[in-house]
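Novice: Using the sequences provided together with the hints, build the complete structure.
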Amino acid sequence: MSAGSPEPRQGSDADGPAQSTRSEQPAQPIRVLVVDDHPIWRDAVGRDLEAAGYEIVAAVGLGRQAVRVAGSVRPDVVVLDLQLPDLHGVAVIAGLLEALPQVRVLVLSASGEQQDVLDAVKAGATGYLVKSAATAEFVDAVARVAAGDTVFTPGLAGLVLGEFRRLAASPDAGGSVPRLTTRETEVLRLVAKGLSYRQIADRLSLSHRTVQNHVQNTLGKLRLHNRVELVRYALKHGLDEPGD
Amino acid sequence: MSPRGRPPDPVPVYRNPVVKPARPGPSAYEVPLWRSLAVFRFAAVAFAALVALNESAHFDHPLGAAAILLAMALWTVFTSFEFRRRGGPRGVLLVADLAITCACLLGTRLVVPSDDIAFTVPMVWIAGPVISWAVALGRWAAGCAALVISACSVVVRSGIDLTGVTEAGLLLLAGTATGHLVILTARAEQRVQQAAEAQASARERTRLARGIHDSVLQVLALVERRGAEIGGEAAELGRLAGEQGAALRALVVAEAEAAPEAGGWEDLTGALARAAGAAVSFAAPADPVRLPAPAVAEVAAAVAAALDNVARHVGAEAKAWLLLEDEGDHVVVTVRDEGPGIAPGRLAEAAAGGRLGVASSIRGRIEDLGGAVEISSIPGQGTEIEMRVPRR
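Chains as they are written, first to last, in the working numbering: chain A, 1 to 244; chain B, 1 to 392.
Keep in mind the hints are simulated off the structure, nothing from the lab.
What the simulated footprint calls covered on chain A by chain B, stretch by stretch (three residues with Cβ under 8 Å from a Cβ of chain B suffice, anywhere in the stretch; the number is not a length): (1) 157-169; (2) 195-205.
Straight-line C-alpha distance at most 25 Å; calculated SDA-like pairs for lysine to any residue: (3) K221/A to E327/B; (4) K221/A to P288/B; (5) K221/A to A168/A.
Glycine is no exception: its CB is placed at the ideal position from the N, C-alpha and C atoms.
Specialist: This is the structure in structure tokens:
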């Protein structure tokens, strides 16, 4: 047991389409790009994923390298360590999504859940896992992210809840500030309290898929707001001025 | 494109930073103060010379007057150099400064006719030692210096008159006010320094946390992972590494967020991270959740009691989840476990029977803060203890 890893158990009972896709089409494995500046981690992650039937299309140690190769190796999923020596994780995610808009990013982080993780999710990552997660949990998370699901830890749910409350309380909280519906808040709170998607579905009498959609929607709202804010920032700071 | 087969890069090693101690010595504000005092004294000598020149016709002994002026000028030059060299006068020099000023003042008795004492040494010059004493020794010493000089003035004037009293009052005011200002400046400087130190230590902590992340945590997580794969004794080693990694992570979070807040308010996040420890999943907002310090202690104690209860009744290895939410006027803390749960009514029964269990200890603490506790248990989904504390 990985003591202290704040992982939800939804991984163990997930029955997303990822597994079925893999079992139906074994000839076309999911293509994964591993980005981590620690070679021991690149090795371990690559080995685990290859053993589970994934194809490691590249393993790099720098953010710029990742953005550069992503266009040519065309991965389905990028497994990304947030702390890289050259680029901030948020910048890497933005670069990856620009190069490959359909790519899914699973963030792996060794430290606890911090503002960095929240920023990564706002920038477009759809999954987050701490590095102490068990191998099975990790492999499963890659499958779910590849299938378009979101992989949340309770800690990340707590951060997202806090972010929506912060936005609602901010002085310029007007029409442009995203808000959670009562249901979405309910679902996020249960995720933050460690319930699996299955347990949440049972408790709220919803389908597993609906719970998943609610979680995904909360991220979508944050991401949209993030983009609006970026555009507003760009306009305010002279978008039309010649840059470097 | 497997990464295997490449020579491994070196794992970054975290090194303890060398922290430079603050350099002791005269405080930064004093040096410019002595410099401006020197300028002031030079200007005062020049003024005294001008006044003397203007009034030279009235002197009994113009040569004596010139001698006193020369002594004043030389002493001013000497003190300016000495003060600058030593970074401010100390002990003997201060006493000498006062004594020579008094001597010059008393000397005017010999050169000015006793029936015409309209002026002596201009007050701006005799104020010099008073201000020196104020800066070096504080307002009380400055007050004493002002009184000594005023006493000499009484001797020179052969009595007490309005000008003498006004002069003494102004000297006292200048001395005590300067002394007080110096104290205020010293305090302000100390505050600035404390703030700078706090900022530096916060930066240091962040750097430390990053260092730990980049080396220790990575390796611990890897040992945990590989250990579990190999199995047997290695699995045990891996489990231990995982526990230590989690403990370290919790420590870094708690340390980073334990910085003291102004006005007796503290961040609940850090306190709960400490109470939660390694084996508990802790979810909280990114921003600090501030409550008055006593409330933070009480809520942390209530959470510790709840977690302790989980460990006791569900098992030491039982998983628990802790959620902290900031609702503006309320702070909500939820502790959840996946034990068998509590049968409906059993808690109420226990309370009614007068058995003071964990529920009453938690309830007592939270209700004393004006809050409310709700305990719910759903079969198959464990038990939740929700504590709502008003922010006031």
